[in-house]
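Novice: Single-letter residue listing:
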Amino acid sequence: METFVQLVINGLMLGGLFAIISVGLTLIFGIIRLVNFAHGELLMVGMYLTWLGTVKLGLHPYVLAPPLVLVLFVIGVLIQRFILQPLLDARDAHVQIFATVGLSTALINLALLVFGADLYATPASGVRESITLGPFRILIGQLVMFVCGIVVVAALHLFMERTYLGRAIRATAQHRAAAQLMGVDVKRIYIVTFGIGAACVGLAAALVAPIYPASPTVGTYFVLTAFVVVVLGGMGSLHGAFIGALLIGLVDSLSAFYIAPDLKEVVIFALFILILLFRPTGLFGLGRGSE
Amino acid sequence: MLTLHEVHAGYGRTTILHGIGITVGAGEVVTIVGANGAGKTTTLRTIAGLVRPTAGRITFEGEDIGRLPPHEVVARGITLIPEGRQLFPFMTVRDNLRMGAYTPHARDRMARTMDEVLDLFPRVREKLEQHAGSLSGGEQQMVAIARGLMSRPKLLMFDEPSLGLAPIIVKQVFDVVERIVATGVTVLIVEQNVFRTLSIADRGYVLENGEIVMTDTGATLLRDDHVRRAYLGI
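In order, the protein sequences belong to chains A and B.
Per my numbering, residue 1 is the first one in the first sequence, and the count goes up by one each step.
Per my numbering, residue 1001 is the first one in the second sequence, and the count goes up by one each step.
Read the hints as simulated data drawn from the structure, not as lab findings.
Certain hints may be false.
Have a look at the derived ranges for each label pair, beta carbon to beta carbon [unchecked claim]:
id, chain 1, residue 1, chain 2, residue 2, range
1, B, 1104, A, 274, 24 to 30 Å
2, B, 1036, A, 158, 44 to 50 Å
3, B, 1213, A, 82, 46 to 52 Å
Here are the simulated lysine to any residue pairs, SDA-like style, with alpha carbons at most 20 Å apart [said to hold, decoys possible]:
id, chain 1, residue 1, chain 2, residue 2
4, A, 264, A, 254
5, A, 187, B, 1069
6, A, 187, B, 1051
7, A, 187, B, 1138
Don't be surprised by glycine CBs; every beta carbon is placed ideally from N, CA and C.
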């Protein structure tokens, strides 16, 4: 029983990290209607930047989080403005998706060129120390990921509900033409949305780097899982992504222990196929009625 | 106030409007009458910036607005209440109305505008916290009109406001349109209910196959043989 509770704790903490990565992905999907295949590579870029900042500047990864959020926001803005937006009027909407696949490949190879295929572990004091609660242990690094996950989702929720820009983003997702008639500059909304999605990944990178070493393909592992989360929660749904992230975190943690560590991804993707078969709109999906 | 001069527009390679000319003066109520597919909706969408004219000029208060994107047209005071309501279904009625006041000019005075608009639509006030998608067709149309008014437009364009509504609701919609007209807003309206619309319009244009074939005062058009045969079924 104690083992089980410990595994649940581990799973929920991991879920916090998945939540941060997934909300960015689900925002970009829900609003721009774009599956961003370069999402993991943005995480990878963020993790190398974290390593650089830690090793070269001697800063703690957590101190690097705010500037990383800013840097990734700007990178996201530039990608949407100069790579994806010119393709908006392309005859075939899939061109944008191919562009993100191309961007992903380009970034992986850029990382190989600059850093090689070695693993870069980011040193960080205190992250692997733990808090003891009776018989249970929580790593500081895990707890920070979990708390940040909750804060990010709550902050985004408030932003979407309470601000003019947030409402305009939701309106654009629900009815693009009508949003334009209200005076919303839809291209600008897309730029901001991609920026926010990338900024989330910037935060995730700073949190995950001390726990998981950076490598050119590190993004794939996390973002494939994030895709499962997004589909499970319902594409475009913020709280769906949050609940989905916690569930997948639990599945990851429990199946690694009770089935086999090597097979946890098999379990996650079996779940993915089951969702697609039986509930393709996900737990909180709105169906395809929203344009 | 608004002038369309020799405007051509369409979708892809299909040209819908073949050089139409329309003027709307400040304070006027102008209607465009025509059969389905004549280009009425395209005309309004072109003015709103959703369709880009391929030739011709559109000027509003002396400024050429023919190449502006929709959000900049709205910012200049032209608001289109689109056919089929086009509300934000998963947002509350209140948030839909707030979206109506998105332009900086309207945002500054949103609280006051909201009060004024809700006085015009007491039924909408009762539904403020409901999702727009959960309302009936008639209620949605009222919200769509209220949302349009939230922008404090100088020129308000209606596209088929009574389409698909029950007769009793149609009457309510027209009552509302008449009350809006009475406040002095300039109105350009496209409406299948030709008789009722011509009765409240100062002037009308008859649009056939993308060309203006006739224009006169509303009262004169109501008595015109061609209009009566083609659009009033008399």
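Novice: The structure should be examined with respect to each hint, and the outcome stated for every one.
Specialist: Hint by hint, here is what the structure shows:
For residue 1104 of chain B and residue 274 of chain A, the hinted distance range of 24 to 30 Å is not satisfied, since their beta carbons lie about 49 Å from each other. The beta-carbon spacing between residue 1036 of chain B and residue 158 of chain A, approximately 46 Å, falls within the hinted interval of 44 to 50 Å. Between residue 1213 of chain B and residue 82 of chain A the Cβ separation comes to about 48 Å, which falls inside the hinted range of 46 to 52 Å. At most 20 Å may separate the alpha-carbon atoms for a hinted pair to count; residue 264 of chain A and residue 254 of chain A meet this at roughly 8 Å.
Proposed proximity of residue 187 of chain A and residue 1069 of chain B is supported: the alpha carbons are some 11 Å apart, at most 20 Å. For the suggested pair residue 187 of chain A and residue 1051 of chain B, the alpha carbons sit about 16 Å apart, so the restraint of at most 20 Å is met. For the suggested pair residue 187 of chain A and residue 1138 of chain B, the alpha carbons sit about 32 Å apart, so the restraint of at most 20 Å is broken.
Against the hints set out earlier in the document, violations occur for numbers 1 and 7.
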